[in-house]
Amino acid sequence: MKTRKVLAVISILMILSFVLSACAPTATEAPQATEEVVATEAPVETEAPVATEEVVATEAPTEEPTVAPTTRKGGWLDEIVFTAIADQEPAVSQIQAGAIDIYPVTVDDAQLFETVKNDPNLKYVNSYGSFNQLMFNTVACKDTSILNPFTNQKIREAMNWAIDREYISQEIMGGLSNPRYTLLTTTNPDYARYAPIVGQMISKYKYNFDKAKEVVDAEMVAMGAEMGADGKWQYKGKPVTIIGFIRTEDKRKQQGDYFANQLEQLGFTVDRQFKVRSEAAPIWQGDPYECKFTYYTAGWISTAIDRDEGDMFAQYNTGRIQDIPLFLEYKPSPEYDEVLTKLQNNVFTTLEERDELFAKAIPMSMEESWHGLMINDTASYSPMKKDLMVASDLAAAVAGTPLWPLTMRWADQEGGTVKIAQSGILVQPWNPIAGSNWTDDAMIQRATADSGAITDPYTGLSIPQRIEKAEVVAKEGLPIVKTLDWVDLKFEPEIKVPEDAWVDWDAANQKFITAKEKFPDGVTALTKSVVYYPSSLWETKWHDGNNISMGDFILHMILSFDTGKPESKIYDENAVPQVETFLQHFKGVKITSTDPLIIETYDDLWAIDAENIAGASTATWYPSDLGYVAAYGYGTAPWQGLVGAILAEENGELAFSEAKSIAEEVEYTSMIAGPSLEIQKKYIDQAAAESYIPYAPTMSEYVTKEEADTRYASLLDWYASKGHLWIGTGAYYVDQVFPVEGTVTLKHFADFPDMADRWSGFGEPKLVSASLDGPAIVKAGDEAVFDVAITFGEEPYPIEDLSSVTYWVTDATGALVTQGTAEAVEDGAYTVTLPADVTSKLASGANMLSVAVSSKVVSIPAFATFEFVSQ
Amino acid sequence: MAQASPSIPIGTGMEEVKKKTKAGTSTLARVGKYTGMRVLTLGITVVIGLYLTIVIANMGGYVDEIRRAQIREDVGARIVNNPTMRSLSAEEKKQMIAEMVAIEEKRYGMDQPFVVRSATYLSNAIQLNLGYALKMNSNSGSKQVRNILLERLPPTLLLFATADIVLFFIALFFALALSRQYGSIFDKILITLTPLSSAPGWFYGIFLILIFASVLKLLPFGGMVDAPPPKTPFLYFLSLLKHMALPVLALTLSQIFIQVFSWRTFFLIYSSEDYVDMAKAKGLTSRDIERRYILRPTLPTIITSFALLIIGVWTGAPILETIFSWPGLGRTFYQSIGQFDTPVIIGEAVIFSYLLAVTVFLLDIIYAIVDPRVKIGGESSSV
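So the sequences go chain by chain: A and B. Residue numbers in the first sequence follow the working numbering, run continuously in steps of one, and reach 871 at the last position. Residue numbers in the second sequence follow the working numbering, run continuously in steps of one, and reach 1254 at the last position.
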């Protein structure tokens, strides 16, 4: 009997322990699908001058290698092994246990962050690629007995005071976040440029629940509602109910819950509806007049630093860009509409004009709050072993920068192996025309590819990789600037496209159409980029041993048009919109020299930075540019590498795009694995036997029969030895692929043209820190001088690396008193001088001096504030 | 002295033969009729089950709304995020979004009403024409549902069939042993531990990973083999064994106690039958009693349980596979449901339906073979 009781007690204890363990947060949850690169909208923001010191710094950044110059070419590592781990927590455990070395997925689990921070053997890099928003339904309900308070502009604006963004960032997001007030993204250059305006918005809209309540009380009464005895708003005898669509996949659950609590305190009845994306999307994107939701916790992702956020206002405050019924109902005031339209369409001729438009648009967007509220920017992190070094893009993290394979290394060591786990692997078939663009796949592809120009992971500016230099000629009146020396910028009143430039593609005859043929009366462009490659370009090797050649460039140009032309043998209706769009801005291309290679590209597409005009892949035409234009946006390939797939598609056996493969019921072309490889091999054999040159009417001017024979022979050798057709010019090549086991191994490519230490300077983002000091009391009418200390770590920040140090002063009410530019004293030291005539305007009481420091080498600005009392 | 052979009336033999022939004919007819009816009812059940799966997987057509919203969101984001679209006017952007949305909707077959599509899905499914997936692809990149499923089948079979076989034999051994030791300390321990089977395999998996991979570092966290996989078959096999150890143990632990308990209870019930007492009285050895009088009548139950366990392999175990990064069918199922990939969901369902139907049909026959009390198509089968 006794034994039975003891056993019963033990069994109960065991069950209880299991139940408790199961309830603990460490339990691994069900699998999550990998997210696609294209994801959603605009980028991240890291908000502003609230703290006394700098805004967000990337903690524990990668350290710059300190080793002597190397003789090694290509990547630092001998081998990179990719595997997959779906969840974040086991991934961190495996780094701790030494099973993997880095998890380059952007992790946002605050509890796990503590584990990473507290482990002396681990480190992390931050990225700022997502932000959260409270989106409002702004229309009056069909059912007139239902009152939607968010139709009222003043109530929408008042919601800014009703939420404490600091609380959300610190408590809900566990510190892995920065409060965000405006539409501008703090990691992007426009945020730094307009920091004083943003700063004023923060002062004006900081948490003030009483003010929110005051506005809501007044406006609700004005709208015909009345406060019931239970402290709840009533309208036509029914409680005013706000339906909150609260997404449950991440911290938006707690954010939506918090907002619901605040609304309840304001007297609203809140119906909290917790939903996943698939449940919420059809409703919030449906008819807003049905009033099935009142607010929605939206989240957005960006995959790159956006250097021009002029269209953010139109994107979030109008339905002009996204045809979603709710957005179509946004009705910005005529004044705001005019400003945001000009910014959207770049209707300005100088940067000063643009500045004025931003100065109007930012406060207007806050007042009208059509988009709802911006809440926070999420600071994700990628954990890794402490002695691993790698560059990381401020928006797109490690996986998103082409520099990761060129900078990843073990500290003070050449060679070795790194094991990388991603959230998925071989997510979709790889092909350069319309293959996988998933983050997990693109990361591996980046290691195998090279580019004409690459994007600086800290500023978003293009920098030359394979090209030598460039000239940009812009039409007079365009507000284009240049920052770096590798680009020359000129302006001309008119840019004529030469008659012999190629402007389009005749898919039936497989010949380029010249400007003279398509535009007999001539055609002009807004910009012209002249890209110069060095003579050594032709010594660049493909992984299969061939040198890069003109044929590789020409096929890239052809495929930028061909798949979207109905006369093409590989026509794909899915490519039409992209090709049509391309043709709307593309004005022509001309190869003015083949050795050295010089390419002129004429385009109506322009960016504020000349570097990014010249660095666009349409300007470089390099046969691998992930994610820019119609062709080769999804990988890299020599011309012969695509022949098997092209012939197979012509014969209805394969399709480059997933949509066509489904429609035609054929396999989706993969050059890395699967059944499509053998189909391609069949056609490569056939092509080799015939010395086939694709698109011969054009390509045969650049490719000889001998080159074709050599290339097919090496391609077949490559396939025989590696078992795949993925060939690039990158620092690593794909050595082995194990689809079911979920492993891909890359090996060091010894023939890569650059030395391994070429990009070592990108080991660490040179994030700015700023602090202010000065007199605590300023007497009206006296000059006051404040010191600004600007550092990178412990070192003074060089003046030549800073682009601006601006300041502004607000009074106790948050009103702007003055603003200006700080004066440089020496490296790391600036001063702000408030002259006597300014201090004389200060009312007695507390004032706030704020500075915003912008760097040329990193896009995240730093802020500092200092409170002083004026007498 | 020669013993006279018993005389058989002439007519009797013929009658016997006739009777036997008649009986044989009637048995054949009975079995044939039964088989026909069984196949028909199973076929109808499969068709109904499949159509319900199609309707449920598409939420009665509501998935179209979800997908439409997702397409609009994704396409819009793609346009907005694409720097090359910046030069387009608002109208041009809208036009482009509309075109791309239409293409995407067509790709998913949304240009046809759901009712029409559901009939096509059903017709293809019945013919085992699994077609092409809408979103998913196999690891090697094939869009064919057949390839997606077949690629994941070997790892699934390997893991779950191993675990099931291990579980079956261990459970059988312990159940028999404990049924002989009813009330012993081991029996009590088993009863005490039985509630542990309420925890699923993935739950044990977490603990096992924590102990053997994270702390002791004896076994891998997950995956099917080392990364990169060993090059020789022998080393590959060893690596496979090493990686299977924890998931097999997790699966076995999650089932073993309840399985032993239920079978042991079965054996106990059958061992108290009169005919067992009779066998004991006749002095049969306990081994004979166990084999012929206890095990045999319980075989239909055990075989049913084993057969369902084996076809259950087809569904895998999504969470356990995720925890151990095992490339099994369970994760494929989970992903296909999450992505509303109807062809894959139907592909999985149709194969499972056919497997289940065939198994049920075969079990009827097996019952008759292993249990003399069962008569195919008889009036009173006792199972």
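Warning: the hint list may mix true and false statements.
To be clear about the criterion: a stretch of chain B counts as covered by chain A if any three or more of its residues have a C-beta under 8 Å from a C-beta of chain A, and this derived list gives those stretches [said to hold, decoys possible]: (1) 1112-1124; (2) 1236-1242.
Computed spacing ranges between beta-carbons, pair by pair [stated by the list, open to error]: (3) Ser994/B - Glu499/A: 39 to 47 Å; (4) Pro566/A - Ile915/B: 41 to 49 Å; (5) Lys977/B - Pro798/A: 55 to 63 Å; (6) Thr991/B - Asp287/A: 25 to 33 Å; (7) Asp506/A - Lys977/B: 24 to 32 Å.
Cross-link-like lysine-lysine pairs, in silico, DSS-like; alpha carbons within 27 Å at most [stated by the list, open to error]: (8) Lys154/A - Lys73/A; (9) Lys722/A - Lys1102/B; (10) Lys292/A - Lys1113/B; (11) Lys292/A - Lys154/A; (12) Lys385/A - Lys1113/B; (13) Lys965/B - Lys1059/B; (14) Lys569/A - Lys1151/B.
Worth flagging that the hints you see were computed from the coordinates, not collected in a lab. Every residue gets a Cβ at the ideal spot worked out from N, C-alpha and C, and that includes glycine.
Consistency of the hints with the structure:
For the stretch 1112-1124 of chain B, the stated coverage by chain A is not satisfied: 0 residues place a CB nearer than 8 Å to a CB of that chain, which falls below the threshold of 3. Residues of the stretch 1236-1242 of chain B with a Cβ under 8 Å from some Cβ of chain A number 0, which does not satisfy the need for three, so the listed coverage is violated. Taken as a hint, the range 39 to 47 Å is violated for the pair Ser994/B and Glu499/A, whose Cβ atoms sit roughly 59 Å apart. At roughly 48 Å, the beta carbons of Pro566/A and Ile915/B sit within the given window of 41 to 49 Å.
Taking 55 to 63 Å as the suggested C-beta distance range, the pair Lys977/B and Pro798/A conforms, at roughly 56 Å. With their beta carbons about 30 Å apart, Thr991/B and Asp287/A fall inside the hinted range of 25 to 33 Å. Between Asp506/A and Lys977/B the beta carbons are some 28 Å apart, a value that agrees with the proposed interval 24 to 32 Å. A C-alpha spacing of about 62 Å is found between Lys154/A and Lys73/A, which places the hinted pair above 27 Å, so the restraint is violated.
Taking the CA atoms of Lys722/A and Lys1102/B, the gap is near 14 Å; set against the 27 Å cutoff, the hint holds. Taken as a hint, the Lys292/A and Lys1113/B pair is broken in the structure, with Cα atoms around 53 Å apart against an allowance of 27 Å. For a cut-off of 27 Å, the pair hint linking Lys292/A to Lys154/A stands: about 22 Å separates their Cα positions. A C-alpha spacing of about 25 Å is found between Lys385/A and Lys1113/B, which places the hinted pair at or below 27 Å, so the restraint holds.
For a cut-off of 27 Å, the pair hint linking Lys965/B to Lys1059/B is broken: about 72 Å separates their Cα positions. Between Lys569/A and Lys1151/B the alpha-carbon distance is near 84 Å, which puts this suggested pair outside the 27 Å criterion.
The structure shown violates the earlier hints numbered 1, 2, 3, 8, 10, 13 and 14.
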